[in-house]
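J.: Sequence:
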Amino acid sequence: MTEINLDTINIADFVKDIRIFIESSLCNACGLCGEICPFGLPQKSSSG
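Numbering-wise (full-length UniProt numbering), the sequence shown opens with residue 1 and increments by one.
For the record, the hints were derived by calculation from the structure and aren't laboratory data. One or more of the hints may lead you astray.
Okay, the calculated beta carbon distance ranges per label pair [claimed, not checked]:
1. N28 with T2: 36 to 44 Å
2. L41 with I4: 21 to 29 Å
3. N28 with T8: 29 to 37 Å
4. E3 with L26: 35 to 43 Å
5. C37 with I4: 17 to 25 Å
6. A29 with T2: 37 to 45 Å
7. C27 with E3: 34 to 42 Å
8. E35 with N10: 15 to 23 Å
9. D13 with C33: 16 to 24 Å
10. E35 with T2: 29 to 37 Å
11. N5 with C37: 20 to 28 Å
Being a predicted model, the structure only gives us computed values, none of them experimental. Ideal placement from N, C-alpha and C gives every residue a C-beta, glycine not left out.
Please model the entire structure based on the sequences and the hints provided.
T.: Next up, the structure:
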């Protein structure tokens with residue numbers, strides 16, 4: 001069995017074509033999505 005070190009896995013190596021969007025009707029502007037997104041997206045704009 002092969003051992004995998006999860007600290008060295010980069011999700012971008014596995015996901016090539018991903019579209020990130022925010023369902024505006026469900027968004028309460030808490031910012032959690034930006035904190036946990038492995039791609040560093042979404043980011044708040046100057047307009048909020």
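J.: Work down the list of hints and note, for each, if the structure agrees.
T.: Each hint, compared with the structure:
1. N28 with T2: 36 to 44 Å: holds, 42 Å
2. L41 with I4: 21 to 29 Å: holds, 26 Å
3. N28 with T8: 29 to 37 Å: Since N28 and T8 have Cβ atoms about 34 Å apart, the given range 29 to 37 Å holds.
4. E3 with L26: 35 to 43 Å: holds, 39 Å
5. C37 with I4: 17 to 25 Å: The hint (17 to 25 Å, Cβ to Cβ) holds, given that C37 and I4 are roughly 22 Å apart.
6. A29 with T2: 37 to 45 Å: holds, 42 Å
7. C27 with E3: 34 to 42 Å: holds, 39 Å
8. E35 with N10: 15 to 23 Å: Check passed, 18 Å falls within 15 to 23 Å.
9. D13 with C33: 16 to 24 Å: holds, 22 Å
10. E35 with T2: 29 to 37 Å: Holds: the Cβ-Cβ distance is about 31 Å, inside 29 to 37 Å.
11. N5 with C37: 20 to 28 Å: Once the Cβ atoms are compared, 22 Å apart, the range 20 to 28 Å for C37 and N5 holds.
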